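Engineer: So you can see what is in the structure, the chains are spelled out below.
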Amino acid sequence: KQEVTQIPAALSVPEGENLVLNCSFTDSAIYNLQWFRQDPGKGLTSLLLIQSSQREQTSGRLNASLDKSSGRSTLYIAASQPGDSATYLCAVRPQGYSTLTFGKGTMLLVSP
Amino acid sequence: GAGVSQSPRYKVAKRGQDVALRCDPISGHVSLFWYQQALGQGPEFLTYFQNEAQLDKSGLPSDRFFAERPEGSVSTLKIQRTQQEDSAVYLCASSPGYEQYFGPGTRLTVT
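Protein chains in written order, with the numbering used here: chain A, 10 to 121; chain B, 6 to 116.
Since the hints were made in silico from the structure, they are not lab data.
Please read all numbers here as calculations on a predicted model, not as lab measurements.
Even glycine gets a Cβ: it sits at the ideal position worked out from N, Cα and C.
Possibly wrong hints are sitting among the right ones.
[Said to hold, decoys possible] In silico DSSO-like links for lysine-lysine, alpha-carbon gap of 27 Å or less: (1) A:Lys77 x A:Lys10; (2) B:Lys62 x A:Lys113; (3) B:Lys16 x A:Lys51; (4) A:Lys10 x B:Lys62; (5) A:Lys51 x B:Lys19; (6) B:Lys16 x B:Lys62; (7) B:Lys19 x B:Lys83; (8) A:Lys113 x B:Lys83; (9) B:Lys62 x B:Lys83; (10) B:Lys19 x A:Lys77; (11) B:Lys62 x B:Lys19; (12) B:Lys62 x A:Lys51; (13) A:Lys113 x B:Lys16; (14) A:Lys10 x A:Lys113.
[Unchecked claim] Restraint-style ranges between C-beta atoms, simulated for each label pair: (15) A:Lys51 x B:Ala58: 36 to 42 Å; (16) A:Ser62 x B:Lys19: 46 to 52 Å; (17) B:Arg69 x A:Asn27: 44 to 50 Å; (18) B:Asn56 x A:Pro91: 38 to 44 Å; (19) A:Leu118 x B:Ala58: 24 to 30 Å; (20) B:Ser78 x A:Ala19: 37 to 43 Å; (21) B:Arg69 x A:Asn72: 42 to 48 Å; (22) B:Glu90 x A:Gly25: 38 to 44 Å.
Turn these sequences into a full structure, and let the hints guide you.
Structural biologist: So, in structure tokens, the structure goes:
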């Protein structure tokens with residue numbers, strides 16, 4: 010059974026810092042990996058999707074990498090801002106399945 | 006364009022009551038998913054539809070949970086005889102293929 014782990018569970022940084030969120034998964038047979046953002050009381054907003062054949066994806070200040078063989082993905086946030094404060098969730102779609110398996114998330118607080 | 010919508014946004018039910026949660030997917034999206042998110046946890050898969058066919062219901066925690074999508078568009082998740090452990094946020098997502106798009110969720114509190 011696929012398991013997804015996110016480290017750290019919580020992170021507090023001052024504004025302007027570059028930071029890395031980590032995601033690991035136990036079964037490398039994945040179709041794709043998605044990073045989501047969740048604000049308190051809200052649904053999930055998709056940030057980046059990496060197909061299994063890709064190594065990384067970039068959107069603005071966000072960069073996500075994927076190392077399928079080692080079962081790891083990282084989300085890099087450059088020049089963090091208070092508006093980046095949210096919970097970040099990593100989810101994998103196993104090969105042969107349409108559903109997503111999520112980690113528990115990393116709660117990020119960026120202070121001014 | 007309109008995203009995935011869910012109603013109600015909040016629901017309080019007394020233990021033993023039945024509840025029905027509605028999901029309106031993005032128009033044209035073939036796939037629809039339901040997830041349950043407990044406090045402080047990541048979402049967990051409940052069930053999956055492709056058009057009107059329920060292809061996977063392996064995540065439904067008990068036979069008190071039932072989902073339908075009769076015309077391949079709107080979906081309803083029904084929970085019978087609610088219990089306190091059913092308290093969670095219920096998220097709906099739709100997908101045209103690769104990527105899933107989530108609604109705002111329904112927060113269910115069972116008292």
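Engineer: Does each hint hold? Answer for all of them.
Structural biologist: Here is how each hint holds up against the structure:
no.	hint	result
1	A:Lys77 x A:Lys10	holds, 16 Å
2	B:Lys62 x A:Lys113	holds, 22 Å
3	B:Lys16 x A:Lys51	holds, 15 Å
4	A:Lys10 x B:Lys62	holds, 16 Å
5	A:Lys51 x B:Lys19	holds, 24 Å
6	B:Lys16 x B:Lys62	holds, 23 Å
7	B:Lys19 x B:Lys83	holds, 15 Å
8	A:Lys113 x B:Lys83	holds, 25 Å
9	B:Lys62 x B:Lys83	holds, 13 Å
10	B:Lys19 x A:Lys77	violated, 46 Å
11	B:Lys62 x B:Lys19	holds, 26 Å
12	B:Lys62 x A:Lys51	holds, 25 Å
13	A:Lys113 x B:Lys16	holds, 24 Å
14	A:Lys10 x A:Lys113	holds, 16 Å
15	A:Lys51 x B:Ala58: 36 to 42 Å	violated, 30 Å
16	A:Ser62 x B:Lys19: 46 to 52 Å	holds, 50 Å
17	B:Arg69 x A:Asn27: 44 to 50 Å	holds, 47 Å
18	B:Asn56 x A:Pro91: 38 to 44 Å	holds, 43 Å
19	A:Leu118 x B:Ala58: 24 to 30 Å	violated, 43 Å
20	B:Ser78 x A:Ala19: 37 to 43 Å	holds, 39 Å
21	B:Arg69 x A:Asn72: 42 to 48 Å	holds, 43 Å
22	B:Glu90 x A:Gly25: 38 to 44 Å	holds, 43 Å
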